[in-house]
Amino acid sequence: MVEVGSRKIAAERPNISSVASWRAAKNAPHYRQEAALQARSAAIADVEDRVLEWCAGVAAESWDDL
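Position in the sequence shown (from 1) plus 4 gives the number in the numbering used here.
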């Protein structure tokens with residue numbers, strides 16, 4: 005842990021406040037794997053949102069039919 009002001013942060017987390025540190029983080033071996041994982045997660049969430057919207061629409065139509 006590293007103390008920054010009144011906060012403590014994990015030492016292994018890079019500070020991506022500068023272009024140089026961002027480039028170093030982007031070139032890290034796990035960067036592409038993490039980016040792919042985030043993209044898959046976002047795609048799954050997008051599908052889940054559409055399914056939930058459809059379910060809500062069907063429920064609303066069913067309620068109107070009562």
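Mixed in with the good hints there might be a few duds.
Claimed, not checked - Now the in silico label distances, taken between C-beta atoms and shown as ranges:
no.	residue 1	residue 2	range
1	Asp-69	Ala-32	32 to 38 Å
2	Gln-37	Trp-67	41 to 47 Å
3	Lys-30	Glu-65	35 to 41 Å
4	Trp-67	Ala-46	52 to 58 Å
5	Arg-44	Glu-65	31 to 37 Å
6	Lys-30	Glu-57	51 to 57 Å
7	Gln-37	Ala-63	37 to 43 Å
8	Arg-27	Trp-67	25 to 31 Å
9	Ile-48	Val-23	30 to 36 Å
10	Val-23	Ala-60	51 to 57 Å
Because the hints were derived from the structure by calculation, they are not lab data. Note that the Cβ used here is the ideal one computed from N, Cα and C, for glycine as well.
Evaluation of the provided hints:
no.	hint	verdict
1	Asp-69 to Ala-32: 32 to 38 Å	violated, 55 Å
2	Gln-37 to Trp-67: 41 to 47 Å	holds, 45 Å
3	Lys-30 to Glu-65: 35 to 41 Å	violated, 47 Å
4	Trp-67 to Ala-46: 52 to 58 Å	violated, 31 Å
5	Arg-44 to Glu-65: 31 to 37 Å	holds, 32 Å
6	Lys-30 to Glu-57: 51 to 57 Å	violated, 35 Å
7	Gln-37 to Ala-63: 37 to 43 Å	holds, 39 Å
8	Arg-27 to Trp-67: 25 to 31 Å	violated, 54 Å
9	Ile-48 to Val-23: 30 to 36 Å	holds, 32 Å
10	Val-23 to Ala-60: 51 to 57 Å	violated, 44 Å
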